[in-house]
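Undergrad: So the chains spell out like this:
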Amino acid sequence: MKQFLLYLLVLGLCANANALEAGAAKVDITPPVGTPLDGDFGRLGRGADAVHDAIWARCLYLDDGQTKVFLVSLDLWAIPPALRSRVLELVSRQTQGVHVILTATHTLNGPGGMSRRLAFRAFSGRFVPEVLEKTAQGVAEAMRNAHEKRTRAAIGYGTGTQQVLSRNAFSTGGGIDPQIGVVRVNDSDGNALAILANFAAQPATVPKGEEFTFSADYPGYFCDHVEKLANPGCVALFMNGGAADQDAADPEDKVGWARTESIGQLLAVRVKEIANDITCGEPTLHVGAASVQLPPTLASNALASTAPVQTLEIGDLAIAFFPGGPWAETALELRKRALAMGYAAQFSVGYANGRLMDFAPRGAYTVDTWPRSMSFFGPGIEDWFYTQFATLFTLGRPEAEREYPEAESLEVAGGTLAWLRGTSYEVGRARGALCAETIQDAFKSGVAEPVAFGELAPPEAWWRRVPPFIDVSPLALPYMGILARPILADASASVQEEVEGLADGAGIAFDAAWLLQCGGNFARGEAEDASTPAGVLLAVAGDRAGADDVLVGMNWDGGPGARPMVFTVRPRQGHRSMYVGTPWQVGIQSGMNDAGLVVCAERLESTSAALALRDALQEDTTIEQVKARLAALGSTAAYRVLLAQASLPGTCIVSSGEPAKEKHPENGMLVGGEDAAGSHADISKARCEQLRARFESERIIGLAEIQEAIQDEGTAALPGAAVFNASTQCSVVFEPKARRLWIAYRDESGRPGEYTKVEMTGSSQ
Amino acid sequence: MTDAVRSYGGRKNLGARGVRRRRGRLRWGILAILFAAFLGGCWLTRDTYPSARLLPADQQYLVRVTDLAGQWREPDALPFGGMLPAGADFVAGPERVIEQLGLPQWNLNNLIGRHAYFTGNDLKTLRDALFVTKMTRTGVLIERFRRLGPNVTHDAAGGLDLHKAQQAGLYYAVRGRVLVASASRDALIKSLTTPDDACVGEEALARAFPESGAGDALGKVQFAEGFPLDGALSSVRFALRMDGQEARLKCRATLHPRWAERLNGLLAGATPQELLEPLPGVLRVSANTGKHVREVWTCLGAAFVSELFSEKQWSAWESGEEVGLSQSLTRLVGKLGPGLRLSWCGVDLNEMAPVPEIVCTVDASGVDLDTAFETLAGGTGDGAVVYDAEKRVLHMPTVGGPSVEPTAVRCGAGLLLSSSRQVAERTLADGPAARALPEPGNLYVQVDVEGCLEKVVAAGRLLAENHLLRGHTPESFERQAEAWQERTAKMKDVSALFSHEQGEIVAEFVAHLVEE
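So the protein lines, in turn, are chains A and B.
If you read the first sequence in the numbering used here, its first letter stands for residue 17, the second for the next number, and so on.
If you read the second sequence in the numbering used here, its first letter stands for residue 519, the second for the next number, and so on.
Be aware that one or more of the hints could be misleading.
Stated by the list, open to error - Calculated Cβ distances over 10 Å to all of chain A for the following chain B residues:
#: 1; residue: Cys560
#: 2; residue: Glu613
#: 3; residue: Leu659
#: 4; residue: Ala691
#: 5; residue: Asp715
#: 6; residue: Pro728
#: 7; residue: Phe756
#: 8; residue: Gln791
#: 9; residue: Pro798
#: 10; residue: Ala871
#: 11; residue: Glu908
#: 12; residue: Arg928
#: 13; residue: Pro958
#: 14; residue: Val963
Stated by the list, open to error - Among the chain A residues that face chain B by a calculated CB cut under 8 Å, a handful are:
#: 15; residue: Pro52
#: 16; residue: Arg133
#: 17; residue: Ala138
#: 18; residue: Asn317
These aren't lab readings, by the way, just hints derived from the structure by calculation.
Where is the CB? At the ideal position from N, CA and C, for every residue including glycine.
Could you build all of it, start to finish, from the sequences and the hints given here?
TA: Below is the structure:
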């Protein structure tokens, strides 16, 4: 009998220990008028001039005996790191062994003034230490109150959908996240302690003319209305979802504050409907939390280098908390993955625990609409989050470390040959890993330092007017990264993948790798390729090439440091190709594919044209296809490219223009230089003239003669006008019929070196 | 053989008397030798050569320092230590030079007389500076028998009999009791070979440098074309006195005729005016040239050939066809003056970017400020300028908070302007002092060295922490700040009072040292 009573006692104690407890509270944290608002740099950091509705800190405390968590929703644009630190400091006693999840509703009319970092003050206005302290005290108070009010509770969740409350910010009829997620917490009497809603739409509905008013926006109306619809004492919490590309819609065609109210109330009604159907119980809770090293970014001086990533599981509901603004696409994909893991439902909550701006998915990274282009971690950030959450979800499985094919390389006299294979990403990654140091140095010397010393700057004049003791590069570099993205939008998906791979392989930010492609001249609205070298070239075709059909020779000119390599690429899809290029340039100046198609640029002043030639080698089989590709670039891209193909006529030089100009072989020979322009025009013409004169007589010209001709250092009348001049880095001859190229680098004495043969089908072995 | 008794043996016993006589002779002998030595010493150290004969008259600068061996033995220890040109090792302080010569420090007072003269032509590097002083007799003897240190070599120099102190890098020669030294051999030779009629001359020297107290440095500088200040000055006479915790430099400068003509508009008729005590701040200015802002503005335009400061530009603003902010502003500002006080109060580090806080008061007698404010607020039309009619405050919110909100408000008979609304309100609440400075002048500048440095370091630190300070990491900036603090540790504040008197610019600089 004694044993039985003891058993009952232990059972009772255990049951009591596992009983779910919950408490909810809210505290008004509205700062004084005059405090700057957060989130919109268009307001120039000025202070609020009125309070339309109060700013709240709302807290839900949950404790299932094993897991304790404070879930806090704040009417803020984001969670400043200084606020999070201070709150944790203030509630350190209550939070021992307790998880704290701070989320912001992302209202654009919440208080700012809490940023110590100068870069963020453009958004959040001047730093007001008193506001930071008062807000932190308010949040801490809400947490303490929720903790003190804890009582025996039950919890449940439900989901519903909507189609009219949100809309895609970028396109009418574009994708939205229709899910409304609801968590309901009841006390032991069945009354709602708290109702939490997860819905994705930007709270940016404050009417024009009221921009300087404090307001929680539609989440404020939502919470008020839910609390009215529910029983007294219920605290409503709003947690925004993948809202970076989701606007609040206008379902009742209202204007001004009426629209804000309408969205809030409609959402509240819908949430209440869903909440009414929720059956509460005592599911287990689990919190996953990690502070993870973020991918490299150009904004590293403004953004934290590590991010708190958290998950909360309530039974078979998985909630993922992003430390910034995910897009709906990312939220939907994560949901799909979570459901596949075995969860019954999944919510994504944005703007939690940090302020890392937006996380545009791969397909949207090139969007250049302010302020939604404020995504700084590259297009791979969505995958990064999928990996992090898969690790934190209890039903998830950490992804195995993926293996990528490595580049093979071979040092030859004066240069390097490399063989790459795989998808575009894998090709880029292998190349990046092979040349990591060179690529990092190239970014430092070609982009970062010129920006730091004012030689390269964004187009706005004021960047060049800052006092000389200010180094603008921590701000200018991420901004230039954004400005360069539209060019990427016009490039093929495979280019973006290769740049992404290059960045990952080299260990640099995606934007850094992309800026390396584009250089820094933004004056004409397109980032110009500052380092694309020009060259001197010739081709012999038809009878004059004898059995070879066509031979193309070129000298690859470039500045110091632009040491070219020969890359032989075997892509997963498309043609094999071999080309000569710098380690960091994805675009191609001269190369040949396995269809015997040769592209060889004499002048290439546009990133888009270089990328078009890259795609041409990967996808095209005829000269006509390349011409069509170049023509599609329009007149803005400046190029002059020789096109040739084994066994087929049509060798020509195509120059940009409207329409594009073509030059065909005369007497079986084609030499450029006619329309050379700029400061080196005379030199360029003189070099070509020497080649033309050399092969004037009618006869077959062989490979050896071309090799010798383009290495001619002979004395020229004009300084620097030798065919192989001081700028020449290497001489290349293409044999399209044999699918082979010959390359000769400068030797150690600076003289033309010996040729090395590179076969399309060869390898480093 | 004689029977005479002979005595062979030791010294003859002279008796006490004989001994005394003998000792007396010895004393006299020593005394005679000493006397002869004394006479020889006097002969050797006789003062046969006046300093003035070694100071060429055509030098650009001539400075006389009194009690160099006492007050000035360590210029580095002075508040302006370290501000001498990099090449001026020779004038970097007698104590250091003595140390370099390898002589004991007690020689200092013997080698350097009460007055020491510096003269030369190279004002930028002071490399040809010539040092002339009259040694004590002991100093002459020290030099004659020991030379100036162990590593002194003889340089005949065609009979000029020079010496070179290798370690100190100095050439020197002695004429009579006068020691003449220079780091430049050419300068020294020039000094020794200048004919008497091409030297300064004793009378002229006495006239130029009347007797002064210990620690004084008197000098005159004749500037070469184009230096300094773009050749604005042709000559300066100055007197510097170190007195306990205070260093005081009085200058009287003559403008170069070209500059006198360029600044004629500004300086014509300008006489010392009563200056009000500047407003609180770390850098404080009080100015009064007796002219209104418009006149000063356009005179500056003429002086510095600037389109911005030209009469034409001002007229364009003032009489523009469109009524706008610039028109209203120029109409108001042009009438302001002549008294003006301007202070840099600090840097608001919490603003969107670190911004300096500036406050200024300017005389506004005869200006209808209320109407002007209303016009300014109404003229813009876009609400950029806000006028609080009740408080009579005009302010213009720009970017960020109140520290970048230019504000104008009536302040007594004047107008108070500030880059910051907060600073304007604070200054107004404190009631800007209206006391006059004890001395009249045209421009008074005061720098609170410690305060200025504190503000600059705080702003620099914030920029460095945000990686926005060119060439510095947070750590390297901290090291730089420490170096600055070390260099200025002795200086409390520096002030300067400038006035225009009969075609000359008179300036008085006062530096106060931190009490130890």
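Undergrad: Which hint numbers does the structure go against, in order from smallest to largest?
TA: Violated: hint 10 alone.
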